[in-house]
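These protein sequences, in sequence, are chains Y and G. The first sequence begins at 9 in the numbering used here and counts up by one. The second sequence begins at -10 in the numbering used here and counts up by one.
In case anyone wonders, no lab produced these hints; they're calculated from the structure. Accuracy of the hints is not assured; some may be wrong.
Claimed, not checked - Derived pair list, reagent style BS3-like, types lysine-lysine, alpha-carbon separation capped at 27 Å:
| id | chain 1 | residue 1 | chain 2 | residue 2 |
| --- | --- | --- | --- | --- |
| 1 | Y | 325 | G | 346 |
| 2 | G | 295 | Y | 466 |
| 3 | G | 115 | Y | 301 |
| 4 | Y | 352 | G | 335 |
| 5 | G | 251 | Y | 471 |
| 6 | Y | 314 | G | 191 |
| 7 | Y | 459 | G | 363 |
| 8 | G | 295 | Y | 352 |
| 9 | G | 136 | G | 38 |
| 10 | G | 191 | G | 24 |
| 11 | G | 363 | Y | 463 |
| 12 | Y | 471 | G | 115 |
| 13 | Y | 471 | G | 346 |
| 14 | Y | 412 | Y | 391 |
| 15 | G | 136 | Y | 352 |
| 16 | G | 251 | Y | 325 |
| 17 | G | 295 | G | 285 |
| 18 | Y | 325 | G | 181 |
| 19 | Y | 176 | Y | 190 |
Next come the chains, spelled out residue by residue.
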Amino acid sequence: MLNSSLTYNVSVSGVFQRNPVAARTESFQPNTANGEEPADLFSEEDSGPAARSSNSPPGYKSSGVHSDDDSDLFAGVLSRNGFYCSFWKLLLFTHSFSLIQLEEDEVKDNFELDVAVTNPEKIGDGMNAYMAYKVSTVTTLPMFRNRTFSVWRRFSDFLGLYEKLSLKHSLNGCIIPPPPEKSVVGMTKVKVGKEDSSSADFVERRRAALERYLQRVVSHPSLLQDPDVREFLERDELPRAVSTQALSGAGFLKMINKASDAVNKMTIKINESDTWFDDKLQEVESEELQLRKLHTVVESLVNHRKELCGNTAVFAKSIAMLGTSEDNTALSRALSQLAEVEDKMEALHQAQAASDFFIFAELLADYIRLLGAVRGCFEQRMKAWQRWQESQSTLQKKREAEAKLLWANKPDKLQQAKEEITEWEGKVTQYERDFDRISVTVRKEVLRFEKEKSKDFKSQLVKYLESFLQSQQRLIKFWEAFLPEAKAIA
Amino acid sequence: SLSRQTARSVSVDLNNDASLLIDIPDALCERDKVKFTVHTKTTLSCFQKLDFSVPRQHEDFIWLHDTLVETEDYAGLIIPPAPPKPDFESPREKMHKLGEGEATMTKEEYSKMKQELEAEYLAVFKKTVQVHEVFLQRLSSHPILSKDRNFQIFLEYDQDLSVRRKNAKETFGSFFKNMVKSADEVIISGIKEVDDFFEQEKTFLLDYSSKIKDSTAKAEKMTRSHKNVADDYIHISATLSSLSVDDNTKVEGRVASDEELKLTELLRYYMRDIQAAKDLLYRRARALADYENSNKALDKARLKSKDMAQAEEHQQQCLQKFDKLSESGKRELTSFKGRRVVAFRKNLIEMAELEIKHAKNNMALLQGCIELLKSN
Chain Y
9 MLNSSLTYNV
19 SVSGVFQRNP
29 VAARTESFQP
39 NTANGEEPAD
49 LFSEEDSGPA
59 ARSSNSPPGY
69 KSSGVHSDDD
79 SDLFAGVLSR
89 NGFYCSFWKL
99 LLFTHSFSLI
109 QLEEDEVKDN
119 FELDVAVTNP
129 EKIGDGMNAY
139 MAYKVSTVTT
149 LPMFRNRTFS
159 VWRRFSDFLG
169 LYEKLSLKHS
179 LNGCIIPPPP
189 EKSVVGMTKV
199 KVGKEDSSSA
209 DFVERRRAAL
219 ERYLQRVVSH
229 PSLLQDPDVR
239 EFLERDELPR
249 AVSTQALSGA
259 GFLKMINKAS
269 DAVNKMTIKI
279 NESDTWFDDK
289 LQEVESEELQ
299 LRKLHTVVES
309 LVNHRKELCG
319 NTAVFAKSIA
329 MLGTSEDNTA
339 LSRALSQLAE
349 VEDKMEALHQ
359 AQAASDFFIF
369 AELLADYIRL
379 LGAVRGCFEQ
389 RMKAWQRWQE
399 SQSTLQKKRE
409 AEAKLLWANK
419 PDKLQQAKEE
429 ITEWEGKVTQ
439 YERDFDRISV
449 TVRKEVLRFE
459 KEKSKDFKSQ
469 LVKYLESFLQ
479 SQQRLIKFWE
489 AFLPEAKAIA
Chain G
-10 SLSRQTARSV
0 SVDLNNDASL
10 LIDIPDALCE
20 RDKVKFTVHT
30 KTTLSCFQKL
40 DFSVPRQHED
50 FIWLHDTLVE
60 TEDYAGLIIP
70 PAPPKPDFES
80 PREKMHKLGE
90 GEATMTKEEY
100 SKMKQELEAE
110 YLAVFKKTVQ
120 VHEVFLQRLS
130 SHPILSKDRN
140 FQIFLEYDQD
150 LSVRRKNAKE
160 TFGSFFKNMV
170 KSADEVIISG
180 IKEVDDFFEQ
190 EKTFLLDYSS
200 KIKDSTAKAE
210 KMTRSHKNVA
220 DDYIHISATL
230 SSLSVDDNTK
240 VEGRVASDEE
250 LKLTELLRYY
260 MRDIQAAKDL
270 LYRRARALAD
280 YENSNKALDK
290 ARLKSKDMAQ
300 AEEHQQQCLQ
310 KFDKLSESGK
320 RELTSFKGRR
330 VVAFRKNLIE
340 MAELEIKHAK
350 NNMALLQGCI
360 ELLKSN
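Next up, chain G with everything else stripped away, as it sits in the complex (with noise of 0.2 Å):
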């Protein structure tokens, strides 16, 4: 069990609105289950109570992401990205090390590095718990998506959610998905563009895109260095305390900086985002793919002078639909765009500060130590 600190720099300006606010002020790890927490505060009618908590798993997320992104209704809409699964792959797997070498290691070294991985256990831990709050804040925080019923559900409920979830057409939103992933790009390129801010849109986010992916993949790959440059340095310290007789410092903190892993925590955050914003283009697309596949049917018919007026209304649905998503969807990236600029100022400006004190603090150290080694 764990409680929650708030500080956050992925997303901004999320959980004002007294009237809806949501956060995860607890979790449980049982193996590798996690199990959330939900507690909502509300002054909302539609809610049944004020002030109630329900537990949920990392399965009820998807099922709530996914109902979202099938629904007509929010096509419009950039859904936020689904919080990935809790990973806790790396430090199990040096857990499982540590254990196997427990023989060769002193006692000073094993608890060392067992408290090592305690910590990065814990880290992870912080992270997923972060990363489903905050979905759940970027939903309750947006006007349309926080009247959702399945949201509302998913806050109140109070049995268990998986019954309802496998009632759901889970095959369909994987499908849908995948037929994202590996079509959009083409058909989001392939798109007769008429309206400017569209056209300016989709070439930014498509090279943004790939850009962020790979920013992402090498600022994982730099603080995965950077982690194992600390480990060298707590088998130092424990080798250096089998030569001179044991002390009870506790090894606190690491040279990794959490500055770095927060940046890249960002990056991350924001290459799915992207992704969600690059599915909005998409379904537009395909939007206008349908518009004009419906003009040219209701020509055929004008032509064959045959089911002209079903060729019609089909046409202005579809033109509707079009507009509709094309207007919403405009404010949507308008906002999204807003977002990421706040949230990037934010946290390139904890990362430097914290960059400084960091470094202060370690000047600090240094030079008291220098000192105590000249002056004998």
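Just chain Y, same shape as in the assembly (with noise of 0.2 Å):
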């Protein structure tokens, strides 16, 4: 029943299916045990019935569902806990996704270039003012002048590279990585010299997150490709990005909002041969309202932890008076020693809070603005096969046209008429090719994008759990330095 690797069969009816892998230490590798070689999904051919056998389930898609076999390896372990519980669900969400396996070369993980977002550093006063962040690249990729490089960027620079890399890009119907959200409230609080804990929270989650976005551009080929990027990472001074009033993250996804209302309201509806897309685009969209639904809770988790922060420390003070006020002596001191254990605790639920918010958070509100970009793929793809059914039904009307005109016996309008004709049968050439090709596009990167996703969660997990791991054991050392004194009450 298991195969001891992952494999794509592609059958004639184009339904994917997929054998799963219950074990968790398998180690992936293209099947090449046949002495085959892996079909290359990518080609324009359509590949024949499956050379392989298949012992998968009939009508197992790739829907990001695990097996049973997960979950019975994972019950036992973490059911205890209710806060463990989530995790462990986390957990089989990530895992799920990490099954998924492409059959091109892995060879792209290794990363030859790495780049950080570093010092901000506020530049001049007043409302004028801004925040300039640095931004320092390490690679030895040889298209750059240096191995190792920095250059100062502020925001706008970052929202400009987003807009020059849409135009070019999104048309062939690859992800575009969007940026982080302007901010006009947290930004004027910078601006004005606010120099409180609320401030400093923003100016750290905008360069956590304008570095995040960096990272997740120059990890894509065909992007890090681009000469804007190089531009953006290399050139000492970059234009400043003026245009960048009309274009944020958000914007563009309103942009698509609108652009997938237009799709709906198209009355020719994609005949999709192959399904994968509609369904691809459905789980899309019901993982990014999770996603939405979740956020909105850690949201609230970060707020109520805040707020037991707030109140542990209270309560460390009210513990100390108590303590002064308490006549046995052993039982003041230990109920003083409490009081520390409590400011302690204090700093701890604080250092989760940050945690909670900077890494569980953050990670949701990205992938929330992603998905949103996966749906605005799916969307140019959409508009690719508009335009080549429109350039279809224009050439039937040009047809006709032709048709009339022979019978209307008008020999100088029939040549016109004939080279219309050509000059449209091109386009819809093309413009099935276009589709064809965007087709395959949106296809890779959106098996790209799964499986970054599921590196990307769990590393952030991971990062999450150790926070909490350290925090447990701090908290240890504390109640246990406690405990005598507790005993000690005579």
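Mind docking these for me? Both chains are given alone in their own frames, and the hints should help you get the complex.
Spelled out as structure tokens, the structure:
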């Protein structure tokens, strides 16, 4: 039943089937057991019917659903505590996506370029002030002049880069990583020089988001090759991007949403022989919904934990006061020790709230934006299809017109009509090719995206859990130190 | 109906005397009304049977407490604080909200929240049973109060007590209580104290009372925050369920530590107990005021050479009463101190040990999770 690897079998009907792998420690390799070349999914010819024997259950599609085997492995271990129950589920969620594998080379996983965004600095004063960020690159790629270099960029530069990339690549069906949102409130606070924790938080949040944005851009093989990206990373002075007024991540998303409404109103429904796109789009939409829900709850968690912080600090002070009032010496000392422990707990809660936010909440926010971008590339494909369909109907009209002219016997107009027909025949061919090409790209992009997402979620989750682990370790130390004090009460 | 556990750390060393053992093994919750089954096992001859149970309501406990407070003979004793009314307000409100929001939630989320609420109901229920039980056990372990006739009636009378209750002067009790609350601070601090012990006790109790009230309120706030965090994790868990396929893991336990709930309970209990101790001081202060007034009356009578014998007798009575109160008060307050220290010690140790145990469990789970993720 279990194959030792994961393969895609493309049957004639075009439905994808997948062999689930239950064991978690298997390594993934392309299936060359039969000495055959792994099927190139992305060539233009149809692969023949499945050349490898398929043991997959019929109709099992790559829908992100985990197999029952997985749940057995995990069930007993984590069922005890509700908190860990939630991580168990997140684990399954990411695990299911790690079962997906591309047939193409995995070579591109070695990163030849690392980028970091650091040292936010306020430049200027008053309402014209802005934050500048240091963008540092370390690379072995020959297309760059040096191995390590840094430049200074401001937020609008990042938005400008996004605009340029969108204009060039989104028509191809590429998933362009969206930059973080603009924030008038946040920036105003920084500009007027409000030196409190909320504006420090805001700057840090933005810095981290910009870093992740760049990391996603450079990890995209096509985008990395784009000269605008190179220029962004390398060039000392960038011309100021002015038109970013209109386009921010949110702005672009609004455009997408308008487009999707337009598409839905289309009278000609795309007739897919391959349901992959439909299914995938539905998946993406439902996932986006779930992530939004989750994000709301995580935000609530962050706020509640901040409250807990405050209440713990207040409680600590109150217990300290009670301790001073207590006339039994040993109990009095124990109570003041308790107050100190609660103070330390407050610091722990504080750190945990930061972790909740910067690791968990921001991860969700990023992927909500990214899923919007994924929807965007589906829309681009729809537009390409529409263009093709419209060109076909235009061609049809031209042919009808020609027929009419033939009958009416007007030779000079006939010549023009024939020219137009040739022209439109060419367009039809071109648009069909465009559509096929964008379909291939979208498919590739989505699979790549899912892989990245799984990696991302996993690594962030590990970070989150490790921060929890640390806090539990410290908690144990605090209470173990307190215990003898409590026992000493007499 | 619910069977009881015996672990408690609010008050220790109760229910050890085999001659009179009381517990509440069972309780029924109908809407808001809780019916407690009070079970007594005794070797004392004043009771008709050796082993018997009666059903009691919260109001019966209050009646008993009030009659004890009103008994002159017990003026020198710390009367154990009355158990608070069972309060299902919080879970009930949440249940109501849950019902309203049912349409907007997934089935998974709804059932998890429902489970959580049921656990909360259960916790409130257990707490109220415990607090009523401790009240009775304080009485049974007190050398004087355990012999009180009304206490025995409470334990034994197998008819509905509410008939008897209505005959008692309930209004007087509550009036008395209100008076005490508004006046005691002034009266207690106004007294000219000759006795060092009481001087110290007075200072201590007044100060400690306000501080423990504060700590109790802050502990409650902190515990509520913790609950909110735990509730959020339930929502997260439920939402994640809809991202992956259904599992059948039950949401057990919570991040909100029971340990902290325990501390809150301890503080709450001693806040009430301190009040009872202050009531004693108040009664003694009143007795002292009476004595001083009787002295003045005696002087006046001597001056007028009229009703001297009467005035003398009155003065002697007042003095006797005051001395009795002082003597018994000293005893009570000393044992109260000891009781408080022992209870705090037990509670703090248990809390620390539970925190450590809980954290160690968490660490094991976390390490398992992390390894699982990394090995993939």
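Given the proposed pairing of residue 115 of chain G with residue 301 of chain Y, does the C-alpha separation stay at or below 27 Å? Given that 27 Å is the threshold and the Cα spacing comes to 35 Å, the pair is violated.
Does the alpha-carbon distance linking residue 412 of chain Y and residue 391 of chain Y stay inside the 27 Å limit? violated, 31 Å
What's the verdict on residue 352 of chain Y and residue 335 of chain G, does the C-alpha distance respect the 27 Å limit or exceed it? The given pair, whose Cα atoms are some 22 Å apart, holds under the 27 Å limit.
Assess, step by step, whether the Cα of residue 295 of chain G is no farther than 27 Å from the Cα of residue 466 of chain Y, and give holds or violated. Violated. Residue 295 of chain G to residue 466 of chain Y sits at ~97 Å, over the 27 Å cutoff.
Keeping to a limit of 27 Å between CA atoms, is the pair of residue 459 of chain Y and residue 363 of chain G held or broken? At roughly 16 Å apart (the allowed maximum being 27 Å), residue 363 of chain G and residue 459 of chain Y satisfy the hint.
Sort out whether residue 471 of chain Y lies within 27 Å of residue 251 of chain G, counting only the CA atoms. violated, 32 Å
Are the Cα positions of residue 295 of chain G and residue 285 of chain G separated by 27 Å at most? Answer holds: residue 295 of chain G to residue 285 of chain G is near 14 Å, not above 27 Å.
Check whether the Cα positions of residue 314 of chain Y and residue 191 of chain G lie no farther apart than 27 Å. violated, 39 Å
Given pair status - residue 352 of chain Y, residue 136 of chain G, alpha carbons within 27 Å: Measuring from Cα to Cα gives roughly 49 Å; hence the hint is violated.
Assess, step by step, whether the Cα of residue 251 of chain G is no farther than 27 Å from the Cα of residue 325 of chain Y, and give holds or violated. Holds, because 19 Å separates the two Cα atoms, which is no more than 27 Å.
Given the hint that residue 471 of chain Y pairs with residue 115 of chain G, test it: the Cα-Cα distance must not exceed 27 Å. violated, 39 Å
Given pair status - residue 190 of chain Y, residue 176 of chain Y, alpha carbons within 27 Å: holds, 22 Å
Violated hints, in rising order: 2, 3, 5, 6, 8, 10, 12, 14, 15 and 18; the structure is consistent with all others.
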